[in-house]
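Q: Next come the chains, spelled out residue by residue.
There are 2 protein chains.
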Amino acid sequence: MIADLIKANRTCRRFDEQHRITPATLLELVDLARLSASAANLQPLKYILSCAPATNARIFECLKWAYYLKNWSGPEPGERPAAYLVMLNDTRISKTLDCDHGIASQSILLGAREKGLAGCMLAAVNRPKLSTVLNIPESLEIKLVLAIGKPKETIVIDNLNADGDIRYWRDDDLVHHVPKRRLEDIVVASYEI
Amino acid sequence: MIADLIKANRTCRRFDEQHRITPATLLELVDLARLSASAANLQPLKYILSCAPATNARIFECLKWAYYLKNWSGPEPGERPAAYLVMLNDTRISKTLDCDHGIASQSILLGAREKGLAGCMLAAVNRPKLSTVLNIPESLEIKLVLAIGKPKETIVIDNLNADGDIRYWRDDDLVHHVPKRRLEDIVVASYEI
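Quick mapping for you: the protein sequence lines, in order, are chains A and B. The numbering of the first sequence is the numbering used here, which starts it at 1 and goes up by one. The numbering of the second sequence is the numbering used here, which starts it at 194 and goes up by one.
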């Protein structure tokens, strides 16, 4: 059931870094994005794949993790992602993106989850630095970095409290809590027969 | 397998309009979006649901269909969507969106596909008119309209020709063809051990 997969597909920030991810797995995930919808079918998204520890380490230096966890600057060595997909917009094909990168990311992360992996979409990226690290030409704009690995944290969905605070947080057992709005709070109107 | 669902989840523009969709089904689909990732967990997306023929007809008048099919202005009566989800950004929560609407749309359409339905993400929307039709407050910005129904067309994925023409097209049997770039054309580099 897709509902089970979507529920299980939680943003993950701590991984078993020793669990290697193969290039073939990354290609399978990119293929899921390739076969997903694209606005006006332009398909401007391109990808850089990395499952090489040395390159991973250089990519990691360009990322900012978990804005709401003020006392945590990101995963420690050993808990870092075993792979990355750098998602690029080819501006020769489409000057701007509307939501292709969201569609593609969801396909990729659902595919990863089905394989027992998990990931994190990172938009807080030092783009100039990452462009240099990966030698990315100017025509390719960095949209997102998807970090992927074998999950090593427990993540639970909570109902949003009355105070409306949407910030995720970690409890004393390092369980990661994600407050979600209720269905009735996001449905504005329903026109029915 | 999520790969099968993603492959089967093709943008559809002709439906069996007599196949009704219930409010409960629409709520289930919105719930899939609710449980999907949201940038900084802000969850600014809100929804208007419609499965009422009279409202559907008024929504339909605000939509432009299939930019590349120049001799076709949209589905005929009887082949129109049986339901709509109007996806709104609550600008009181987030002034702009990055890709939440893409993530949410992919969750919704994969869920619809699993139920034997199909859909189309429409961004070419007469927003002022639709705001009036649905009495949408100014604080809610229309991002996308998702049209949903029981599919009544055959859609196939082709490899992109050497000419690079990405425009979808219909053959004499009204089969809808969608040219997709090859995997090797969208992978820029792969860093491997």
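Check before you lean on any hint, since a few could be wrong.
Claimed, not checked - The calculated DSSO-like cross-link candidates involving lysine-lysine, where the alpha carbons are at most 27 Å apart (straight line), are:
(1) Lys115/A <-> Lys343/B
(2) Lys343/B <-> Lys257/B
(3) Lys115/A <-> Lys150/A
(4) Lys288/B <-> Lys180/A
(5) Lys7/A <-> Lys257/B
(6) Lys95/A <-> Lys288/B
(7) Lys70/A <-> Lys257/B
(8) Lys95/A <-> Lys257/B
Read the hints as simulated data drawn from the structure, not as lab findings.
Q: State for each hint whether it applies.
A: Now for the hints, and whether the structure bears them out:
1. Proposed proximity of Lys115/A and Lys343/B is contradicted: the alpha carbons are some 30 Å apart, above 27 Å.
2. Between Lys343/B and Lys257/B the CA atoms are separated by roughly 20 Å; this keeps the pair inside 27 Å, and the hint holds.
3. Among the hinted pairs, Lys115/A with Lys150/A is consistent with the structure: their alpha-carbon atoms are about 9 Å apart, no more than 27 Å.
4. A C-alpha spacing of about 19 Å is found between Lys288/B and Lys180/A, which places the hinted pair at or below 27 Å, so the restraint holds.
5. Among the hinted pairs, Lys7/A with Lys257/B is inconsistent with the structure: their alpha-carbon atoms are about 33 Å apart, more than 27 Å.
6. Proposed proximity of Lys95/A and Lys288/B is supported: the alpha carbons are some 22 Å apart, at most 27 Å.
7. Note on Lys70/A and Lys257/B: the hinted pairing is violated, with a Cα-Cα distance of about 46 Å set against a maximum of 27 Å.
8. With a C-alpha separation of about 22 Å, the suggested pair Lys95/A and Lys257/B falls inside the 27 Å cut-off, and the hint holds.
Hint check: violations occur at hints 1, 5 and 7; the rest are consistent with the structure.
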